[in-house]
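**Q** The chain contents come next:
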Amino acid sequence: MTDSKYFTTTKKGEIFELKAELNSDKKEKKKEAVKKVIASMTVGKDVSALFPDVVNCMQTDNLELKKLVYLYLMNYAKSQPDMAIMAVNTFVKDCEDPNPLIRALAVRTMGCIRVDKITEYLCEPLRKCLKDEDPYVRKTAAVCVAKLHDINAQLVEDQGFLDTLKDLISDSNPMVVANAVAALSEIAESHPSSNLLDLNPQSINKLLTALNECTEWGQIFILDCLANYTPKDDREAQSICERVTPRLSHANSAVVLSAVKVLMKFMEMLSKDLDYYGTLLKKLAPPLVTLLSAEPELQYVALRNINLIVQKRPEILKHEMKVFFVKYNDPIYVKLEKLDIMIRLASQANIAQVLAELKEYATEVDVDFVRKAVRAIGRCAIKVEQSAERCVSTLLDLIQTKVNYVVQEAIVVIKDIFRKYPNKYESVIATLCENLDSLDEPEARAAMIWIVGEYAERIDNADELLESFLEGFHDESTQVQLQLLTAIVKLFLKKPTETQELVQQVLSLATQDSDNPDLRDRGYIYWRLLSTDPVAAKEVVLAEKPLISEETDLIEPTLLDELICYIGTLASVYHKPPSAFVEGGRGVVHKSLPPRTASSESTESPETAPAGAPSGEQPDVIPTQGDLLGDLLNLDLGPPVSGPPLATSSVQMGAVDLLGGGLDSLMGDEPEGIGGPNFVAPPATTVPANLGASMGSGLSDLFDLTSGVGTLSGSYVAPKAVWLPAMKAKGLEISGTFTRQVGSISMDLQLTNKALQVMTDFAIQFNRNSFGLAPAAPLQVHAPLSPNQTVEISLPLNTVGSVMKMEPLNNLQVAVKNNIDVFYFSTLYPLHILFVEDGKMDRQMFLATWKDIPNENEAQFQIRDCPLNAEAVSSRLQSSNIFTVAKRNVEGQDMLYQSLKLTNGIWVLAELRIQPGNPSFTVRVPAPALPAPGCLPPSSGQPFLPSLLPRLGVSSDGVRSSPARLEPLGTWHE
Amino acid sequence: MIGGLFIYNHKGEVLISRVYRDDIGTRRNAVDAFRVNVIHARQQVRSPVTNIARTSFFHVKRSNIWLAAVTKQNVNAAMVFEFLYKMCDVMAAYFGKISEENIKNNFVLIYELLDEILDFGYPQNSETGALKTFITQQGIKSQHQTKEEQSQITSQVTGQIGWRREGIKYRRNELFLDVLESVNLLMSPQGQVLSAHVSGRVVMKSYLSGMPECKFGMNDKIVIEKQGKGTADETSKSGKQSIAIDDCTFHQCVRLSKFDSERSISFIPPDGEFELMRYRTTKDIILPFRVIPLVREVGRTKLEVKVVIKSNFKPSLLAQKIEVRIPTPLNTSGVQVICMKGKAKYKASENAIVWKIKRMAGMKESQISAEIELLPTNDKKKWARPPISMNFEVPFAPSGLKVRYLKVFEPKLNYSDHDVIKWVRYIGRSGIYETRC
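In the order they appear, the protein sequences are chains A and B. Counting in the UniProt record's numbering, the first sequence runs from 1 upward without gaps. Counting in the UniProt record's numbering, the second sequence runs from 1 upward without gaps.
Some clues are possibly wrong.
[What the hints assert, rightly or not] Here's a subset of chain B near chain A, in silico, CB distances under 7 Å, partners left out:
id, residue
1, 125
2, 251
3, 280
[As the list claims (entries may be wrong)] Pairs of lysine-lysine, BS3-like flavour, derived with a Cα cap of 27 Å:
id, chain 1, residue 1, chain 2, residue 2
4, B, 215, B, 258
5, A, 327, B, 310
6, A, 283, B, 215
7, A, 27, B, 132
8, B, 283, A, 322
9, A, 327, B, 347
10, A, 283, B, 226
11, A, 359, B, 306
12, A, 283, B, 221
13, A, 424, A, 372
14, B, 61, A, 327
15, A, 283, B, 258
16, B, 402, A, 282
17, B, 321, A, 327
These are computed hints drawn from the structure, not numbers from a lab. Note that CB positions come from ideal geometry on N, CA and C, so glycine has one too.
Whenever a hint applies, use it, and build me the whole structure from the sequences.
**A** Dropping the structure here:
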């Protein structure tokens, strides 16, 4: 019998014909017709018109026909919900059938019909099937609970199916257990707070027993579920590991990888001194290597995971370099992954072999692979110092091949080698310069330009070389433009006499003829530097650069730890947390490795750092363009920072100012914190790494006690500072400060007439600013201001003015007019005047929001020398409208959870850790995710607020509610 | 979990589509997205996992048929691929080769299978042995089944021994063991072994009655040494013959916890043929052949190649199906070959000289020399010189593995281990056996 004929009917009037056949009396004809319908459905034809006719065929004792009708129902029920009801009776009847296969089929199919009306009828049969005597029916019913939950979660809870499902975990049949585990795990994912799975040593024991008996798939469900459990101590962790290790010999790679996940996770809890720890390490290597003899697709999954494992625990596979050698016939995706792992495993011991291989690969056909091989040679040079010389000579050999992309790639990596070993291999520059003309890729051009600029003093015709690039300046990519600008400035500083014209040319190209704000900003900075203080310019531009670290593409450690918890899954294939590619509520649960229990040791922390990096210090991760981490957080990392690190985007600066600048002056009594008229915002040269420091220094002001101002009445008020000195305003001196009292903001001004004539007709105006601050009333100076007279005015402000993003964020430009002239000045207002009185966030909301902000976005800094206790801190902050949402005590430390709300509805959350007796506080502020590049065009006149909102993970009308992380935060109390 | 499963022909037409979850969007969108982005993509497939508009597609290809699993969630990726392979095995077990014709001919059956082995995207029992008891190509079985039969089916499908049904009877109890090894080598032009390993499989074909309890023994170094502790004599005798196994994996019928604790391999086998274990060794491998290449460039338009192969095993044994593949540059215009033994031919379409020898005894040597004429090109890129590869088959296990015993116990039926007729066969084949030149 061949069914292929059903695929070929294409004539017109087909539907009518089918209809007739479906209603035929002959069973055979009916069945044939249903088959035709299914075939049409498969190829994408719409046969929904036949719904009633097909459903009529449902009542049959022919199992094959029944299954076909069910298949049809699953497809079209949703589009014909009313008619789907017609099928209910048959389903309910089938659920009572003496044949368990039919009972299971009915309950399985019913769960797939996603029509609300049907689900109501499903409850009773499902309840019976969950307690059916036949395990086949029970295992099907277990999955059906997950289906029903997906359609109507509330119904499942109301009907008590969750409890029945939990009972099935103790079922005598291993397959029922496995399916119940799978269903519960899925349901638990959408209820992160509930303790649905309720894993405890007893239930774990049951799972481990079932693990030995169920199908390969069931083993995977159980292992994946086990991986979510956190053992109470290292002993329990070890005993689970012992029972999981036999799975490493399973023929199914997914079972092996899931077992590896459990072991990698629980290993965190084991002491390295344990014999068992060493045994476990040894046991992990062979199965991982065996995965490489699986089919290519699985090899790929395995390699992506090994890539993570090698970063987390390099010791496991350090002797297995050879198995990662590339085979000629490997698919390209396997080749590229192997190469990546080879570089990670490269060490002094095996570098000779690795280099010989890499050289071999560099002659292959696939362009991507060859490029990566060339790049790998460079990375070896940086990683293994002893091999640097060999690597450089290998690269030079490759440049001699003149294969265009090989040459370009080699130049890019040689640039990195120069940065790692300055003044060592510069003899090769001449060879590099020979290939200047063949470079057509931006990255290679930028690298070459960097080299020329960096070593301008040793290259006789450096000016000619750079000038040649300048001709097509506007056609170059940003990366090249920025690099060219920097290189020419370097050249000018080194050989000022002959290159003045060149530098002027590039500065004008960058500042006047370019639309690119980054380029313009950099151009202006150089221009200003060069014109005001060439010595300082030299110090800045020709500063000694930090050496680059050996690893250029390590995954950031917290992300790595999270990904280890996802071994075997898509997250481990993409090297992204699930939240980056899974929509909706599912998968946003962040997983983390269990903390090491302190039962057997206490000083462990240095050892937990990956062995590749020096302990205690995080490896510098140099972002390259298209860097994974960058993509992932949507961070605008900008072009590779290979010159002086000037190009950090202003997007980052904006977010930082909000916290740094704002908190900075909150309680500060240092006048420069508030800023006189000459205050200059920190130049954009700040690199993100320094942010912690600058924020910290600001925050220490917050807690400074010496001034005891404003602790009782409303928020803190800084002493007045001079905003406009008399010299600059024809005798008018303005000093002032900002206050916030019971919900109203005012600007307290002190006007002094230091001129010889009377001043009248005062008026004040604000430029558009970040928070829409505007005077609520005109400036009223009642009497003319006589010489040497001072008047104090309190100007009420509101926040309904027009909004424009300022740099820094809290900058306010003010114009004051009097009978003499108009004067302009700018000042920085302390952010806390914008903290509203109802800034206390609901605790649940706080918890949810806090969890929702990715860990990696947190900023942390210290406040030093603040001898307050938690209560005092709390009340002091409250007077500035920073509210304590919750407080808890963890290991003797007080943790304060603070919230505040800005006038524009943005919430800011913070955690304050106070150790009694220690005058330093630690503040954790979850700096929210940054917006996508381009979302916030710097220096454009657009209102910035809308774009700022997503960055904070909140909306202006409140907090986006979202599921919180699984583990409870401990006991909360006020 | 898996949200949907599609099967396409080489043109990208859908042959089978089954949606398990609504989250993957409309059937149409998912189906088309994969066709447009993967099957019709211009360049080579760069990854078996593709993310299109936040939807992930896993695919495997069998001849010109594409199988794609679709999901929107963070699924266990290894499991999805294992499932796709399993799906192919199951289909092959039902109707042979996976081809467009066969899939169209069996589409009803495939839908029935998909309904059974994947529930809401969760893989269920997919052992063909069990499936064939209630999903048949004839379809209509339900009416004829007795109650006992039905519950027997369900208990087998969900049971601990899901791979074997009860009540199997053979007049003659017989079993066959095949030790199939593939030996892999990467050698430098200078004859240095860059990497070598054997990946082996023990395939068992059993025709045994009842529920036989089997125990398999081989010359595993760890086992031999453990046993040898008592009798020093035996250790010295067998010590040389035992082999170090780097790693092994087993069919799901093998009790893994027992292997982990005692290193004994015990199981109740499925009926018929199955793969009992896979293993990998890297130490003391017998490399059946050594290839000695010599390539000389004579000017810009000529290459001289000489390749010697030496067989390295007992002279009494015969290697078969020997094939040496010597790659030639793309701009080859003509080749002259002289070989001492077998036949050699230049195959322009494959850019290689293929040298075939039917049989070759151990400890022998043979040679081929070739002159390759090249067309002058101005292509700057050097010829990549792919490695010389070799194929062969030898009647022994290059790893040195020996089967020591396979004991069968069936306490309920009246046949003993001695009554079972047992056969063992060793076959060593070349895996990727390459010598760089």
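**Q** Taking the hints in turn, state whether each one holds.
**A** Hint by hint, here is what the structure shows:
1. Here the hint on residue 125 (chain B) is kept, as its CB sits about 5 Å from the closest CB of chain A, short of 7 Å.
2. A least Cβ separation of about 6 Å between residue 251 (chain B) and chain A falls short of the 7 Å threshold, and the interface hint therefore holds.
3. Look at residue 280 (chain B): its Cβ gets to within about 6 Å of chain A, closer than 7 Å, so that hint holds up.
4. In summary, the hint linking residue 215 (chain B) to residue 258 (chain B) is supported, as the alpha carbons are separated by about 11 Å, within the 27 Å threshold.
5. Of the supplied pair hints, the one linking residue 327 (chain A) and residue 310 (chain B) holds, its CA atoms being roughly 23 Å apart against a limit of 27 Å.
6. With a C-alpha separation of about 24 Å, the suggested pair residue 283 (chain A) and residue 215 (chain B) falls inside the 27 Å cut-off, and the hint holds.
7. With a CA separation close to 25 Å, the supplied pair residue 27 (chain A) and residue 132 (chain B) stays within the 27 Å bound.
8. The hinted pair formed by residue 283 (chain B) and residue 322 (chain A) meets the criterion: a straight-line CA distance of about 14 Å does not exceed 27 Å.
9. A distance of roughly 23 Å separates the Cα atoms of residue 327 (chain A) and residue 347 (chain B); the hinted pair therefore holds under the 27 Å criterion.
10. Distance hint between residue 283 (chain A) and residue 226 (chain B) is fulfilled; the C-alpha atoms sit about 19 Å from each other, no more than 27 Å.
11. Under the criterion of a C-alpha separation no larger than 27 Å, the hint pairing residue 359 (chain A) with residue 306 (chain B) is consistent with the structure, at around 24 Å.
12. About 17 Å separates the Cα atoms of residue 283 (chain A) and residue 221 (chain B), which keeps this hinted pair within 27 Å; it holds.
13. Proximity of residue 424 (chain A) to residue 372 (chain A) is assessed by CA-CA distance (about 24 Å); at most 27 Å being required, the pair is judged to hold.
14. Restraint check for residue 61 (chain B) and residue 327 (chain A): the C-alpha separation of about 20 Å stays at or below 27 Å, so the hint holds.
15. The hinted pair formed by residue 283 (chain A) and residue 258 (chain B) meets the criterion: a straight-line CA distance of about 16 Å does not exceed 27 Å.
16. For the hint pairing residue 402 (chain B) with residue 282 (chain A), the CA-to-CA distance comes to about 26 Å; that is within 27 Å, so the pair holds.
17. Among the hinted pairs, residue 321 (chain B) with residue 327 (chain A) is consistent with the structure: their alpha-carbon atoms are about 23 Å apart, no more than 27 Å.
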